Amino acid sequence: MTSTAAASVVGQPVSRVDGPLKVAGGATYAAEFDPGPGLCHGAIVTSTVASGRIASIDTAAAEAAPGVVAVLTHRNAPVLPYHEHKGLTDPPEGERIHLLQDDRVRHQGQPVALAVAETLEEAVYAASLVRVSYRPESAVTAFSDAVAHAVPPGPRYRDRGLEGDGGRGDADAALGAAPVRIEAEYVMPRLNHNPIEPHGTVARWSEGELTLWDKTQWVDNVRAEMAAVFGLPPDRVRVVSPFVGGAFGSGLRPWANVTLAAMASRHVDRPVKVVLTRRQMFGITGYRPRSTHRVALGADRDGQLLAIRHEGVSETSTYETYAEEQLGSSEYLYACRDVATRYRVAPRNVQTPNDMRGPGKVTGVHALECAMDELAAALDMDPVELRLRNDTIVDQSTGVPFSSRSLRECYQAAGERFGWSRRNPRPGAMRDERGRLVGYGCASATWPAMRQAAEARARLLPDGSAVVSSSSSDMGPGTYTSMTQVAAETLGLPLERVRFELGDTRMPTAPVHGGSWTMASLGSAVQAACAEARRRALAEIGRADADLAAVLRQIGEPVEATVRTEPGDELRRYSAHSFGAVFAEVAVDPDLCTVRVPRLVGAYGVGRVVNPKTARSQITGGMVMGMGMALTERTEVDPRDARPVNSSLADYLVPVNADVGELDAVFVDEEDPHVNPLGVKGLGEIGTVGVAAAICNAVYHATGRRVRELPVTVERVLGAAVR
Amino acid sequence: MRSFAYLSAPDIDTALHAVSAEPNAKFLGGGTNLVDLMREEIEQPDTVIDITRLPLAEVAELPGGGVRVGALVRNSHLAAHPLIRERYPVLSQAILHGASGQLRNMATVGGNLLQRTRCVYFYDTASPCNKREPGAGCAAAEGFHRNTAVLGTSEHCLAAHPSDMCVALAALDAAVEVRSVRGVRRIPVTDFHRLPGATPHVESDLAPDELVTAVEIPPLRAAANSRYRKVRDRASYAFALVSVAAALEVEDGRVRTARLALGGVGTRPWRAREAERVLADAPATEEAFDRAAEAELAAAVGRPDNAFKIDLARRTVTAVLRRLLTTDGSTP
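The listed protein sequences correspond, in order, to chains V and S.
Quick note on full-length UniProt numbering: the first sequence kicks off at 1 and runs consecutively.
Quick note on full-length UniProt numbering: the second sequence kicks off at 1 and runs consecutively.
Don't read these hints as lab results, they were simulated from the structure.
Fair warning: this is a prediction, and the values are worked out from it, not measured in the lab.
Built from N, CA and C at the ideal position, the CB exists for glycine as well.
A portion of the hints provided could be inaccurate.
Unchecked claim - Here are the simulated distance ranges between beta carbons: (1) V:A60 - S:S3: 14 to 20 Å; (2) S:T125 - V:S144: 53 to 59 Å; (3) V:D432 - S:Q44: 30 to 36 Å; (4) S:R273 - V:P136: 43 to 49 Å; (5) S:E287 - V:P427: 23 to 29 Å; (6) V:S144 - S:Q44: 35 to 41 Å; (7) V:R278 - S:A280: 46 to 52 Å; (8) S:R277 - V:S421: 49 to 55 Å; (9) S:P283 - V:P425: 37 to 43 Å; (10) S:N24 - V:G208: 44 to 50 Å; (11) S:V301 - V:P136: 53 to 59 Å; (12) S:T199 - V:P427: 46 to 52 Å; (13) V:A60 - S:T125: 32 to 38 Å.
What the hints assert, rightly or not - Anything over 12 Å on all C-beta distances counts as not near chain S; from chain V, calculated: (14) A150; (15) A177; (16) G399.
Next up, chain S with everything else stripped away, as it sits in the complex:
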C-alpha cells in the first residue's frame, strides 16, 4: 500500500474543502471496499479523508411518507430499521443479501453506492483493464467473464455493478443527495451510475469534489409488497449471478404498479423499465411476467461464460413476481 495523508474531518465543510483542494483524495466511510482496493494497489489516493465523524448517520421520515437515509448509515442498521422493513422490505432484504454480517456492520450507504466491480481482471493489476487503466484493453471480453454483465456493456467493458442495495434503490426511484463547495444537488439513483461506453473508468455522475450526503426514498405504496431475490453460487457472502428487486400492486387481476430492477446482469444497477412498460395494466399472470422479463432482456448480450444469465434472469424475474402474488392472484 502506498503511503497517504490521513485527515479526519470534524464537519462537512472541512471535508468538502479538503477534497476540493486535493485532486487525488478519497473519502473513507466503512472502508470495506476502499481499503481492499488500496491494498491491491488499485486505488492509490494521496489523501484519505475520514468522514465517519460527520453527522450523516440518521434515518428520518420525510413529509409525505418517504425516508431520508444519511450517507453514513451502516448497511446493517438500515436493513434493520423499522421504517425500511415496513415500507421498503425489498431494500432491507437486498442489503441483508449482500456481503457478510461483519461487512454490513461497517459498510455505509454512501460507500455501497460507490463500490467497485468484482470483475476478476479489474482486481489483477497484471491484466489489462479499461476501467483501471483507460485504453489498456479488456481482458474479460475473451477471458473469464462469468461474473460480468449482459446488459449495458460496451466493447470496452463488461464489468457488472456488484451492489445489492443499489438494485433495490433503483427499483424504488431513490435519489442521491450530493454536496460540494459548489452547493447541493440531487441525482436519481438510476442516473447516478453510468454505463461504461468508451469511458468505463468514469463510474458515476459524482464529481471528484462531491460527497454523497444522503439517499432519499420517495413514498411508494406498492413497495409494501416487495421482494429481493438473489441467485448466487453459495448461500451467503457471494456476489449475485442474478438478482431481482421487485414491487407489485395488482388490482382486479391487472398490474397497477410494477417496479423491477436487476442486479448481477447490468453494468449498473439495472432498472427494468422495458419490463415495467410491458407489465403496466397487463394481467397479473406468469405469462405476462415472463413476457415482461423477455422484453427487458431482449437487448442483453451474452458471452460464453455468462450467456446463462439471460435465461436465469428471466426465470428469476418471473419467480419473484409470482411470489408477490397471493394465492388468489392478487396482492395484499
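Next comes chain V alone, as it looks inside the complex:
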C-alpha cells in the first residue's frame, strides 16, 4: 500500500481499514468474546400466547437435564429495580417488558424462562423441556382489529414534534376543486430485522462490576439501560461492541438477550452467553411495523400539485407506543399549498416495533411516490417531469429554505445513466430480447440531515502516529474507515499512521450510531479533537507550520485532546435533507408474472461524500433492502393469535445474489455550507427510500397493473384474489 497524501484523504475511495480483519476472521463479534473460565450458555423459552398469564411453569425436567446449571423463571428470577430509563431510541410512551419479573405475557415470543447450562446444546435441550401453561386473556391479534382502535401517537411524541395531525391550508377543499385527482390505498407489511449476526450478549460480573460484550449500535445506551435495570451506577457497567454483523436499526435498543445474560450471570455467578435464535429474532427484536396508507393527490392539468392528503396507520404494541415520522415527507418533498397528514398507531398484542433503515420515510415515501406515479398516469405526463414541476427550494412545511437540495440534478443524473429517454410511456409497450415485458419506473428519495452532540479523543503518539476514539459503532457503513480519513486529513498524517477505535463505553461519548448522522455528529467531533490535538502539539514547540510527525517525535510524549461538539442553530435556520432519485427497470414474464429487477440506478445529493467507495456500498446495500421490500419480504403474522409464522430465513425471503442485477449509485456534486462543519448530510438510509415505489411504478409501466400491497408477488401481478 502506498502512503496516501494526507491532505486529500477525505473524498477518496479508501478501502475499509477493518476489511482485512473481517475477511481473515480476526474481527471479534459479541458472542465470540471469551469472558474467561466458567462460561455457560443460556437458551430462552418464549411464550406461545399473545396475551395472558402464566398459569403454571414446570422446570423439573429441565433442571434435571444433563449439564443444566439453572432454570430462571418469574418465580425464581432475581427481583430487579428496573428504574425508569428512556433512551433516545426507546419509545417515549409506555414501558419496556420487565423480564421474568411477573407472570404477565404481552406478546408471542416473550421470554418466560431461561435455561442455563454448560453447553449450548444442553441449554437448548433443557429449554425444550420447560412446560408452560397459560391463562390466555383477550388480545388484539389482527392488524385490521387494531386499526379500528388506532390512536394518535400521544403527548410525549407530540413533545418530540410527532403530532399525528399535520399540514397546511385546506387540503379537502383543494382536492375537491382540483381538476385532476387520484386516491389510493397502499399496504406495507411488517418487515423483520434479519442481519446475518443475530443479537447476542456475553455477560460477566466481577466484584460488582458488569461487563457486557454485546451486539449494539449504542454501547452507552446499553450501559444506561442496564444500570437502570440492575440499579447500578453507570460506571459499574462496561459495554464492549467493536464489530457488528449488520444491524440496520436492530441494534438501537438492547433486547432481552442483554438483560437475561446479565441476570443469569449474576444468578449463577459465572459468565453467561445468550444468543437469539433466528426464530427468536422475529419475536424478541423490533421490526418495521405493518402500515396502511391512503394518499389523495390533486393537481392542475399542467401537473402543479394543488393538494396532498396523506393518512397512515402503523402497528405498535400494547405496552409501548412506537410511532414513526411516516408522513413528514409529504409535507416538504414537493411544493403544494394545501396539505393534510394524519398518522395513527394501532396497538396490538405484539412486541414493540423499532426503527429499521429509513424508518418512517421508507414507508411514507413509498405511498407518496406510488401515488405520484398514479397522478402522472392520470395527467398523461412523464413521471419525472411531474416531480420536477413540483420542485421547491423552500421547505413549505416550515417556510425555511433547504440548506441544499439537488432533487432536479439527481433526476437528471440518474435519468441519463438509466436511459429514461428510451422509455415508451405506454404501459406494456416495451419488451426485452427474451420477450419479457419491460417497465421503467422512478421515485424520489429523501432523508433528514440531523446532527447530535458527540465527543472524541485524539491521542498523538511520539512515534508520529495517532489513535482517535469514540464510543460509536460500525454496523457496516465504514465508520472505522471514514473517521480515520477525517482524522488523518485534519491531523495531516498519512492514513496508515492513524487508528480509529470505537465500541467501548470507556471511550468518549458518541451518539447512537443511526439516523444517518454519524458523520455529521461524530465526524465533527473527530475533526475538532484532531484539530485541537494538533494545535496543542504544534503550540508546544511554538511553530504552526511544522511537520506533525517530526513535532511529535521531538515532544517525546503523547499529546491528547478530547473535544465535545454539538449542533448550533443551523437546523432551525435551514431545512436540511438529503435528496435522491431512483430509477428501476423490471422485467415481467408475460405468462407467469414473475418480476425481476435487472437494474436500479440512483443519484443522490448528500452534501460532501467522505468516502465514495463505502458511500456507494451504503447506497447499493440500501437499494437491495428496498428490492426486498418491493418483491419478497414480509412477516406473516397469524391474525388468529398474532404469532409470526414465517420466522426463518427459508420462509422470510430477503433478496439473494441472483435477484440483484446491476446497481448503480452516484452522488451529484453538492456543497452545503450550512448543515455542519463537514458539509455532510448523511447517506446511510436514503438508499432504501423510494426503491420499492420505483419498482412498483415500473411494474405498472410493464404490465398496466397497479400492485398497491407489498410485496409484489406473482399472484398480485396475476391479479388473483389475495388477502
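Got chain V; can you put chain S on it based on the hints?
Positioned in the frame of chain V, the structure of chain S alone reads:
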C-alpha cells in the same frame, strides 16, 4: 437439540441391523434437512446412523440405456453428471433449481426423496400440526397456507412436498430401491410418497427399518427433449410456488410422448397423468397444452392464499410445453 447416540456405519449390513434394532433411529446422509429438523426439535431420534461411508455414491449406466443413481450421490454431482445432462436434462435442471449451491453439495439423492414439507406450521412446534403430532389439528387450513398444496390435500393436511428433484423423477418414472434386513424391493417414485389422507405423518412407503439405496431411471427417448421450470418468489434458494417437469416428443404435429409432473402444488411430487392422457396423440398446440393442464387441475382445491397456484400451474405447464417445441411446432 436432544442428545442422541451416533453410529457411523462401515457397511450396509451394519446400517440395516442397527436400524432394525433401534425403533427411533434416523439415517444421516447430507444432513441438510434432518439436522435442521433436529435443531427445531421436530425430529428427535435416539440414534443417528451416519451412512455417508456406505458405497452408494455411484452413477452407473444400466443395460438398455437407463441410469442407476446411488442413494448417497450428492445432488450437485448428479446434476452435473454427463449421463443425466444428456439423457435427462429435466432432472439436471430440477436439481439445480433446488436449494443453494452449498446445500446441493451436501444433500444426497436419498435424503432429497425424504425431505419434509416447508409448511410454516410444521416448523413451529407451538402450532398444531397433524403431520408433526397426529390428531393435533391443522393450523394451515385456516391460517397462512400460501406455500401449501392444491392437489392431493385432505382435511388433515395441506402440506406440499418441497422437492424439485422428485418432480423430475416422477415424470421420468424412476424407481426407488430400498433395502432392509428383510431384503430388497423396488418402489415406483410415483408410489413412494403417500397422500396425506387421515395419516399425514406417514409420508412415504418406506418402512422404518428400510434404507434407500438407489434410484433407477428407465430409458426414455422423449426425455432428451425435457425441461424443468420453477416459479418462485426469488431467483434462487426458494421453494417452488409452482414447478413443472416436462418431456415432449412430437411426430407429424401430434404428441407422441408427453411426460408431466408438477411441484409446489401437490402433497406429493405430482405426476400429471390426467394431463398426459389428454395430450396423448393430441395436436401439439398451445390450446391442447392448456386443455391438458386444465384437466389435471380440475381436481385442485384452492384456498384464499394458494388458489392462485391453480391458474399459475396451468400457465406454467403451457409455457413449458411451448418451450419444448421448435419454431416449426415439432420437437428436436
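A quick look at each hint next to the structure:
1. One distance hint, 14 to 20 Å for the beta-carbon pair V:A60 and S:S3, holds here, with the actual separation near 18 Å.
2. Take S:T125 and V:S144: their Cβ atoms lie about 28 Å apart, and the range 53 to 59 Å is violated.
3. Between V:D432 and S:Q44 the C-beta distance comes to about 50 Å, which lies outside the given range of 30 to 36 Å.
4. Remark: the range hint 43 to 49 Å for S:R273 to V:P136 is upheld by a beta-carbon distance near 47 Å.
5. One distance hint, 23 to 29 Å for the beta-carbon pair S:E287 and V:P427, holds here, with the actual separation near 28 Å.
6. Between V:S144 and S:Q44 the C-beta distance comes to about 38 Å, which sits within the given range of 35 to 41 Å.
7. Between V:R278 and S:A280 the beta carbon distance is about 48 Å. The supplied range of 46 to 52 Å therefore holds.
8. Checking the proposed 49 to 55 Å range against S:R277 and V:S421 shows it holds: the Cβ atoms sit about 53 Å from each other.
9. Our hint of 37 to 43 Å for S:P283 and V:P425 holds, since their Cβ atoms are close to 40 Å apart.
10. Between S:N24 and V:G208 the beta carbon distance is about 49 Å. The supplied range of 44 to 50 Å therefore holds.
11. At about 32 Å, the beta-carbon gap between S:V301 and V:P136 misses the expected band of 53 to 59 Å.
12. Between S:T199 and V:P427 the CB atoms are about 50 Å apart, so this pair conforms to the stated range of 46 to 52 Å.
13. Our hint of 32 to 38 Å for V:A60 and S:T125 is violated, since their Cβ atoms are close to 20 Å apart.
14. Residue-level check passed: V:A150 sits 24 Å from the nearest beta carbon of chain S, beyond 12 Å.
15. The non-interface label for V:A177 is consistent with chain S: the shortest C-beta to C-beta separation is roughly 41 Å, beyond 12 Å.
16. At roughly 45 Å from the closest C-beta of chain S, the C-beta of V:G399 stays outside 12 Å, upholding its exclusion from the interface.
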